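So the sequence lines, in the order shown, correspond to chains S and U.
Read in order, the letters of the first sequence are residues 0 to 115 in numbering that gives the first Met the number 0.
Read in order, the letters of the second sequence are residues 0 to 358 in numbering that gives the first Met the number 0.
In short, the hints are calculated from the structure, not lab data.
There could be a bad hint or two in this list.
[Said to hold, decoys possible] Pair by pair, the computed Cβ-Cβ distance ranges are:
#1 U/63 / S/86: 52 to 62 Å
#2 S/69 / U/109: 25 to 35 Å
#3 U/211 / S/12: 45 to 55 Å
#4 U/272 / S/65: 32 to 42 Å
#5 S/12 / U/302: 19 to 29 Å
#6 U/253 / S/98: 31 to 41 Å
#7 U/113 / S/115: 24 to 34 Å
#8 S/56 / U/115: 28 to 38 Å
#9 U/283 / S/90: 24 to 34 Å
#10 U/250 / S/99: 35 to 45 Å
[Stated by the list, open to error] Output of the computed footprint for chain U on chain S, the stretches with three or more beta carbons under 8 Å from beta carbons of chain U:
#11 48–55
#12 74–83
#13 107–113
Note that the structure is predicted; figures quoted are calculated from it, not measured.
Ideal Cβ positions, reconstructed from N, Cα and C, are used throughout, including at glycine.
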Amino acid sequence: MALEKNGPWLTDETGASEVLTLSVVQAVADDGGADVQIASAFYGEDATGQPLAVTVGENGQSVTLTTRRGVNALTVHFVAASDGAATAQLSQDGSVLLETTLDGHTGDGVLMIEGT
Amino acid sequence: MSRKRKTLPGDRTLPGNKRLSGHCKAVTVLWASGLTAIGLGVLGSGLPANAQTASPGEQAACCAHHVERWCRLLALDFHRKQMVVEPLGDQRALGADMAPRALRMTMEAQAKSALKTAAEQAAEQALQTISVSGAVNQTGGTAVTSGSTDLAGKPTMTDFLSIAEATGGFTETQNGSALTVQADALGMTKYLRNQPIFARVNGWVADWLQPLTLTATVNLPQSGATGVPVTLPTSGSAVESLVLPSSSATLNAVGASYQVYRRYSPQDKKFAAAWRAALASNQTALATAGSAVARAVNAVVAGVASGAGRAQLEEAAHSGQARAVRRRARGILRHLQRHMNGIGTRWRICCWPAAAPRP
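Looking at chain S on its own, in the form it has when it is part of the complex (with noise of 0.2 Å):
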């Protein structure tokens, strides 16, 4: 089941795995979109309050959490070899979830998610 906007969160079946690909739709012309990475991804928080993280796919291309119930943040956070301005993607079936920029080497980006 893919993750589907509905309202201000994108809304999921609780326990489904979701994967959500990165893509570079602008960067400075000789960049190289394969430069942009995920550093680092957290979706929700256990007990105790510290964020959990969540699977970073190879070369940090893609993301994989499973569903929550309720309304959690998915934080996401670029990184790329330019220093220049990007654009970078978060995808899955086609559909983009979250668009953020990046500069300075770095990006971050932030999608709520709710397990129904």
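Chain S is fixed; fit chain U onto it per the hints.
This is chain U only, laid out in the frame that chain S set:
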């Protein structure tokens, strides 16, 4: 477009104390389209007790157009200066009824937009392929003079230029009458190799090409005239003509630049290797930094995802949905209005009442 005649029971009597004149033999429902059907569903839900009666002329026009039921609503609209949709009363029910249709139409529009984008990309890709590899003969006449050619006569050349510019092969800037075309060597290489603009070009040559930039500045033609004083000879033949050079485009400057010092060049294999090594060795620090950001985000989300914050967010989203429903309803009413053109322009279906409660 198809028509279906249908007699609706009780359609001749208005709710309340009024009755339409019985000129029409039957009430015709015009099933012109899905929108019309929706509109009938919207408008046929009920009328208030103090509904007005259409005039005989209006009634005759309605009957002529087989829209007797609409006449009652339009008569009400005209006489009371109110909106056609207002008598429905239960706008929440209207919104609930219209929301699925509005959402479906929105989804269809998004799908069409995605298809259009994909088609444009495919077309660009095809043109790029053709312009690079296609052997297309020059169309039209031959070049006017030896050593020249006609750009308009080479269709793929214009494709080449336009697509090359669209895909970042080169850029152009205009300053007054000067037009500067700038081409990046690596960008042109990507274009000629039929690669996406953001693709990484592997190989040592990419690192050498990346800093090379070529520019050409052209002075564009300028309109204008220059006065030249003429003294007529006192003897001999008269001056028949003066030849003045006409304004034309001229190549002003050609330049090339090569950036020697490059602080961060992802095309440099050494830099790329060093960057990846740094990422690997600092993974813990990156995770710590990311965790700190996530903790701050979670604190915010916890506030807005529960209690009043959640209600406000959902209300905001619902308002957006309701606006879409209202826009759709207005579109339906305009559609109905077009069908009623023969009745009279004074019956205007206006707009959703501004003060109406939100569905």
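Okay, the hints, checked on the actual structure:
| no. | hint | result |
| --- | --- | --- |
| 1 | U/63 / S/86: 52 to 62 Å | holds, 59 Å |
| 2 | S/69 / U/109: 25 to 35 Å | holds, 28 Å |
| 3 | U/211 / S/12: 45 to 55 Å | holds, 53 Å |
| 4 | U/272 / S/65: 32 to 42 Å | holds, 34 Å |
| 5 | S/12 / U/302: 19 to 29 Å | holds, 25 Å |
| 6 | U/253 / S/98: 31 to 41 Å | holds, 39 Å |
| 7 | U/113 / S/115: 24 to 34 Å | holds, 26 Å |
| 8 | S/56 / U/115: 28 to 38 Å | holds, 31 Å |
| 9 | U/283 / S/90: 24 to 34 Å | holds, 29 Å |
| 10 | U/250 / S/99: 35 to 45 Å | holds, 43 Å |
| 11 | 48–55 | holds (count 4) |
| 12 | 74–83 | holds (count 6) |
| 13 | 107–113 | holds (count 4) |
Going through the hint list in order, the structure satisfies each hint without exception.
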